[in-house]
Structure formats: structure tokens, C-alpha cells
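J.: Heads up: the sequence lines are chains F and W, in that order.
Heads up: the first sequence at position 153 corresponds to 152 in numbering that gives the first Met the number 0, and the numbers run straight through without jumps.
Heads up: the second sequence at position 148 corresponds to 147 in numbering that gives the first Met the number 0, and the numbers run straight through without jumps.
These are calculated hints, taken from the structure and not from any lab test.
A hint or two may mislead.
Claimed, not checked - In silico DSS-like links for lysine-lysine, alpha-carbon gap of 27 Å or less: (1) F:K208 with W:K142; (2) W:K156 with F:K239; (3) W:K86 with F:K169; (4) F:K234 with W:K110; (5) W:K123 with F:K236; (6) W:K78 with W:K123; (7) W:K71 with W:K227; (8) W:K135 with W:K110; (9) F:K304 with W:K132; (10) F:K152 with F:K72; (11) W:K86 with F:K206; (12) F:K206 with W:K130; (13) F:K239 with F:K262; (14) F:K206 with W:K142; (15) W:K156 with W:K71; (16) F:K262 with F:K234.
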Amino acid sequence: MSNSIEISSLTKVYDNTKALNDINLHIKKNELFGLIGPDGAGKTTLIRIIATLLLPDSGTITVENLDVVKDYKSLRKIYGYMPGRFSLYQDLTVIENLNFFATVFGTTVDENYDLIKDIYSQIEPFKNRRAGQLSGGMKQKLALSCALIHKPKVLLLDEPTTGVDAVSRKEFWEMLKNLQKNDITIFVSTPYMDEASLCDRIALIQKGKILSVETPENITKQFGKQLLQINSDNKYKVLKDLRNYEFTNSVNSFGQFLHYTDKRSVPEVQSIKNYLNEKGNSNINIKEIMPNIEDCFMDLMIEDKN
Amino acid sequence: MTQEKIITAKNMTKKFGHFVANDNLTFDVYKGEIFGFLGANGAGKTTAIRILCGLSMPSAGEIKVAGFDIYKQNEKIKKNIGYMSQKFSLYEDLTVYENLNFYASIYGMQKNEIKKKADELLEKLEFSYAKNKLIKDIPLGWKQKLAFSTAVFHNPKIVFLDEPTGGVDPVTRRQFWDLIYQTAEEGITVFVTTHYMDEAEYCDRVSIMDEGKIVALDTPLNLIEQYKVQNMDEVFVKIARK
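Next comes chain W alone, as it looks inside the complex (with noise of 0.2 Å):
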């Protein structure tokens, strides 16, 4: 993890009528930096997510994504992140080499570069064996490592991941886990929601968002000292039930 910012917010707010979805969120993410982003149901994380994706434009504030402006760059920025949710996953009627062909032929990757780093990446998961299944045939936590592995694919400055282990076994949600510290080690910043608060201490630091604001921002042990309980579940349970 560096100093250098990867994602800077000011004053981030989005509206809906009279609903404010996200009021006044300002924070950074700095480049290679495992970033928790929690918060109850309805609290506002999925529209934040949208506007750093450029799906979704503020009602006002300064957000830059990957050296970006949201409101003039934001195609540059679709293409400078990557993105995994729980529920989308890849091409069930495609084989795995074919979802990581098609993946990185929209994001430009050439032809040779593709079939050299697919080989890499299946060897690196040892899943080699597995490169001309289709989807639909091979288990589900191999289908989450993938869409991981998928959306970091074209070496993106970011990616956003959305529950990504929501419901995978103990042992497969840890395997993730591993492949996440990897990749941000290779300096991706991994920008990530879950419901488990044991995979919130992961993280280098973790915002909790509580209707629409950021109400806690700082690193897991932090904010364990700071509201002075043993672990986050503990804190989450404090902030949320204010």
C-alpha cells in the first residue's frame, strides 16, 4: 500500500428526489489498499459503488476514480476498473478460456496476450485441467475464484467487489481471500462489500456507512480500540443499532 490515491471523494452526494442516498461522503483509497466498504441494507453502499464505477452520476461533489474525473471521464474510468458481484458471474454456456477471451477482448487485450496470460493465470490456480469446461459444469466456489480472477484480468487500477463470498464454504471463501491480499499486492486496490464481519478485519481499512453518511473510517484495530469491543462484528452491531 502506497500513498498515492487511487479514488479521492469530496463532498459526494446523490439524491433522489427528496431521498438523499449519500450525503457529503468524502474519503480516499490509496493504490494497493484493501478497502472495506460496509454499511447495513439500505444504507447507501450500492448507489457509492455505482458512481465510482461511472455508472451513475453524482448530484454534486469532486470524485476522481484511477485519475479520472467522474462527470467528464467516465468511459476512461469503465475501462481502468474491474467489477465482480455476487450474483454476476460468467457465461454459463461458455467454456473458461472462452469467458476470459471474450472479457478481455471487450477491454482491448490482443489475441497472443490473452492466450499467453490465460495459460499463466490457470496454472498460477492450478484449474489448467479445467480450461475448456463450461461454466455451468465446474463448482461454484471455482466459479467465484474465476470471476475474481476474470475481472482483474485486463490489470485494472481497481476492482469492485460486491459480495463476492456471499453463501461460499469456509475453506473456498479463504482460498478468495488469498487470491484478493495477492492481487493487491501486485498493487491492485480492491475496493470490497461483505456481510461477513470476520472478512471486514481483512481489510487495510474499513468505512461503515450508516443512511447515507460515513460514519466510521479507519483500519479494523482502530476501530476495535475506539469503540472499545473485541472485534468489528462487535463494532458494526454498535454503529448500527445507534
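The shape of chain F in the complex, shown without the other chains (with noise of 0.2 Å):
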């Protein structure tokens, strides 16, 4: 397969501070790609660079070929970009919005109603809806529409699901997985860190710097450490208890449980638990399990900062 969006080293400067930091990125056509950080890792930047709306400072993009700074008008018809803020003509209803960018890039909505017809016969029965009044879901899968409407060959889509349930993100996770099927080059951001399994391969991404690129399976292989989940009756206890252990690692927090790892090569469950016991917790339960994306990020952070 061959590569859709070439990144090299490339640089962005905002006053002092590098928004992006030497980035090299290579997507391949087809790919479904998720760019995964924080807010201020530099995300936005990236996109509205590779979208021709933003100048490198240094370093080079091709998409498709075509260089985003010689040939940004040739991109820009071959682009589907999605911003993060909510971007479309709150007056004009749903049905006229998708007029209007059928029309800019010269095509009809009759011409590609296929592509768009699972996402668009969600919310067609509010086709007279002025896009204004549409509830935050119904918003975000009209804008797709919109971004997906003259046939891109590229979709650049910059936190599509921020702020949006965890119901609605999943099923606009699967409307993506869905759309590969069409030959789309799929490159989008989240600060999500679980939406990163549905990626093709992901890139972790902060402070202006690519911490990993990988598929997610693999980020997760390469963690390196034994990881242990630990839960008890009181995990609040657990968690300040073991801050002061003298052989932990790292411990966090993920949801019900604590995620633990130890100093020592191999950790020793049972004296861990004799230490926790001492210090007058009940109920613990110990056992290794596979690390996550966040599990990974957080890592990596870490090994960044060192």
C-alpha cells in the first residue's frame, strides 16, 4: 500500500513555544488514523497544516502527492475537513447546508448520496431543521456529511467527538469504520484515549512531539512492565498507602481499580499484599493484566519528561 499524507520533519514555532516539534508521519492510503493527545499537544496545528490553513515553518507535507503549500488548491478540492468547532450556517437548514457544499465543490447531493447515506438518513428526518436547533449528535453527523459530500479523497477530521457522550462517540467511531470501506484516507484527532483501539494505527502525540506511532495493539505490547490490577474496599486508602510503598513504580487510578507497577523486575503479589494489610486495608485483589492506551501514554510521558 502506498502512502496518502508524507509528514516531514516538520516544525511549527508559535513566540517561543514549538507548537510542533520535528514531526515525521507517514499515512498510508486507505488508513484509518487516529492522532492522540491532550489538549495543547499541538493536534489542531498539525491538521490545519496538512488542511493548507496554516503555514510550516519548517519541513515538508505531500497528500496525494501534491505539496500542501505549492498546491494547496488542488488539495483543498480533494479534502474533507471536519474543524472542531461546530462550523456550519446555523440559519440555513439541515438540507440547504448540504446544498451549499455540494454546490462549492460542484457536485450534487443526488451524485454522492451513497457515500453519505447511512450517516445522512439519520438525521434527514430533520431536513428542515435549521442546523442551529440540531441537538450536539445530530450536529456532528450533519458536519461529516458536509466534509464527506463531493467525494473526498482525504477526510481530516479535528476532534470530531470532544465533548460528546460516550454513546454517541462510539457510534461515530463505527460511521468512520464504515466509510473506509470507500477508499477514504481517514486522519483524525481525539484527546480520547480509548477511541484509539478502533485506529488502524494511532499516534501518540505532546507537547508538540510524537511519543509512538503504532498500531494499537502494538503500543500496547511494547509497554515494557508488568502491570497489576488492584482493587480493594477502600481504593482511595490503597492508592495514597501505596505512593508511600518503597518498591512502587507508578500507581493509578482507572476507575474502580488502581493500576500498579513495580521498581523490582519481577513483582512480588504476596508482599505487596502483606504491606497493604499492615497499613490496615481489607478486601485486596491483585492480579496482572494487559496495559491500555492510557496505561501507555501515561508512560510515555514519563520516559519523555526523564
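Taking the hints as your guide, dock the two standalone chains into a single complex.
T.: Now the structure itself:
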């Protein structure tokens, strides 16, 4: 498979801050690629540079063999772009928005209806409602339909699921997975680590630097330490006690559980239990588990700091 | 957490024309409790929070917040609560200390008391070195922690947190929850909304709203058991996809 997006040595500086620091990424054709990181990591800056809306300070990006600086006009025709902020016309109805975007790109809704059918049919009953009056989930579906109506080769989505509830987020990712069947390269950013598992490959980004680029499975395989899951009657007390334990390498809350790594090459489960019992904790359960993306992200963040 | 009720809502209802945003909500929240207020977008959470903060009048229902009646004493309610949202942050062009001083003054705290408490707070957060830095020059994670500390600076009975950790990195997100735990241990009730379902499991109890109604209210572990699933994420999906 050849590459759709090639990013080499990309740097962007604002004032004295390196918003993007020597980014190198190669995104394959038809790949569902996730850019994952917290606010302020540089996700939007990177997407805006790819989208030809911002110039890089140094480095190059080509998309479908076109240069983002020189060939921006041609590139804009093959992009579908969904910015972070809802940017459709609030005073136009659903169908008016869709027709508008189709017309701008010299096509019609009918011509490419097949591509948006699955998504658009969910909001079609409300097609005469003004976009400003749609719920968050419906706005998102309309924005995606508008980004797709000219059958783009590359879809750029900047945090499409931010602020969206857990169920709507799952539905959105199912839609992206389905879209892949249509020969589209999808580049999507998100601050939600749990969304990573649905991507073909992901890049973890923090403070303008890429920490890792891999398939979600491989990132978790690279964790390199035994990870223990611990729970008890009083999780918060166990958390505080483990922070003062001589063998603790890391301890973090994960919902009802704690995730723990040990300084010793092989953690001694019984000695951890004994320590926690001595501190007055009860009903302690410890078992080894596979790390998730968030475990890996935190680990890489700390590694990067050192 | 005690058995003392800090919020009582009986048949709380809010209508906008024919649309029922809050449909007969009945629930209690206890002193020192971390109460998770969950629901899909558009389920009616924001409407309910606005009522509980004294910013919007319900159409019907008996509601008391911090011991005050929502209809007759809503100004008193405002003095006894703190509020923080993802969007609301601090004033970018004021320093860390100026922000604390500004909010504390609005709540009627005395100058010398503010100064003393601000120093203590910044020391506890290990952030004293940034006392005179402008908010716009400090990292996002710190802004969120400071915004929270500001919201509880006047020692309110309840603090309302509306998606306080959206977009925050995973390490800072956990530091933020440490602050929430400390605050609850000091007896301040924490009323929090979030889209992170792992955070729902950090709460003492959670309620889940769907189409204006509260459809579930219990401890996270009881809900997980009741719905025969592994975690709160699956509980949420089961309820919201019904």
C-alpha cells in the first residue's frame, strides 16, 4: 500500500513555543489513522497545516503527491475537513447546508448520496430544521455529511468527538469504520484515549512531539513492564498507601481499580498484599492485566520527561 | 460522607413550552459526597444544574440546596456554592493571585484572610512560584486545577463541576481527581458531570439521566452488578441505547 500523507521534519513555532517539533508521519492510503493527545499537544496545529490553512515553519508535507504549500488549491478539492468547532451555517436548514457544500464543490447531493446515505439518513427526518437547532450528535452527523458530499480522497477530522457522550462517540467511530470501505484516507484527532483501539494505527502526541506511532496492539505490547490491577474496599486509601510504598514504580486510578507497576523486575504480589494489609486495608485483590492505551500514554509521558 | 442531606429535590420539573427538559426528578445528595451526574448530550443535565445553582427557576417541584429554598432564597444558594466548567476558566490577563483575590472578594472574604489562605493553597499545590504569573502563561492542566481551587476557595457547601476534565492529559486528569477527593474529605459536596466513564467509577454515587428523567441512581458497583456488566461504560451504553 502506498502512502497518502507524507510528513517530514515538520516544525511550527508560536512565539517561543514549539507547537510542533520535528514531526515525521507516513499515513497509508485508505488508513484510519488516529492522532491522540491532550489539549495543547499540537493536534489542531498539525491538522490545520495538513489542511492548507496554516503554513509550516520548516519541513514538508505532501498529500496524494501534492505539496501542501504549492498545491493548496488542488488539495482543497480532494479534502473533506471537519474543524473542531461546529462551522456549518446555523441559520440554514440541514438540507440547505448539504446543498451548499455540494454546490461549492461542483457536485450535487444526488450524485454522491451513496457515500453519505448511512450517516445522512439518520438526520434526514429533520432536514428542514435549522442546523443551529440540532442536538450535538445530529450536528456532528450533518458536519460529517457535508465534509463527505464531494467524495473526498482524504478526510481530516479535528476532534469530532470532543464533548460528545460515550454512546454517541461509539456510534461516530462505527460510522468512520464503515466509511473506510469507500477508499478514503481518514486522519482523525481525539483527546479520548479509549478511542484509539478502533484505528488502524495511532500516533501519540504530547507537547508538540510524537511519542509513538504504531498499531494500537503494538503500542500496548511495547509497555515493557508487568502491570497489576489492584482493588480493595477503600481504593483511595490503597492509592495513598501505595504512593508511599518503597517498591512502587507507578500507581494510577482506572475507574474502580488501580493500575500498578513495581520497581522490581518481577513484582512480588504477596509482599504487596502484606504491605497493604499492615496498613489496614482489606479485601485486596491483585491480578496481572494487559495495559491499555492510557497506561502506555502515561508511561511514555514520564519517559519523555526524564 | 454523612447522612446529612445537602441537596433535596422532589419532583423537580422544568418545561420549555411543550418540551419537558426535567421530568419529575427526585433525588438527595449527601454532605461530603462525590455525586456523579451522567447522561447523554441533551438528556437535561445542564438544565438541572442551572436550577440547582439558583440560575433558573423550575416549573414545579420542591428543591432545597445547602439548606435554602430554591424559590425564595436563591441568592443565599449562590453564596454557598462553587461552580466550575470546562469552558469557564480564570481571567487570562490577571495573575494567579489576582484571580484568587478577585473571586474571594466577590464572595465577601476579608483581605488578610484571602492573603493567608491563598499562600496556604499555593503551597499545598506546590505552585507558589507561579503566584504572580499571568493565567495565560501557565499550562492548561494547571489552569484546570487552579479553576477548581478557586471554585472552592470561599469554602462552599457544594461545588458543581461541569465536565471539568475534558481534553486534559491523563496524568493531570488524575491529579485533578485527587483534589476532588481531598475536597470531599473536607466535607464539601462535589456534584460532577463527565463524559469519561472511568471517572464515573470514582464517584460515591451516580445518577444517569435519559430524556429528562433519572433512570438510574446508585453506587457505581451496584449499577455494574445490577446491569450484569464489567464497568460503568457498559452500564451507560445499556441505558442510553435502550
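J.: For every hint, state whether the structure bears it out.
T.: To see whether the hints hold, each was checked on the structure:
no.: 1; hint: F:K208 with W:K142; verdict: 22 Å, holds
no.: 2; hint: W:K156 with F:K239; verdict: 25 Å, holds
no.: 3; hint: W:K86 with F:K169; verdict: 24 Å, holds
no.: 4; hint: F:K234 with W:K110; verdict: 39 Å, violated
no.: 5; hint: W:K123 with F:K236; verdict: 19 Å, holds
no.: 6; hint: W:K78 with W:K123; verdict: 25 Å, holds
no.: 7; hint: W:K71 with W:K227; verdict: 44 Å, violated
no.: 8; hint: W:K135 with W:K110; verdict: 25 Å, holds
no.: 9; hint: F:K304 with W:K132; verdict: 23 Å, holds
no.: 10; hint: F:K152 with F:K72; verdict: 15 Å, holds
no.: 11; hint: W:K86 with F:K206; verdict: 21 Å, holds
no.: 12; hint: F:K206 with W:K130; verdict: 23 Å, holds
no.: 13; hint: F:K239 with F:K262; verdict: 17 Å, holds
no.: 14; hint: F:K206 with W:K142; verdict: 16 Å, holds
no.: 15; hint: W:K156 with W:K71; verdict: 18 Å, holds
no.: 16; hint: F:K262 with F:K234; verdict: 21 Å, holds
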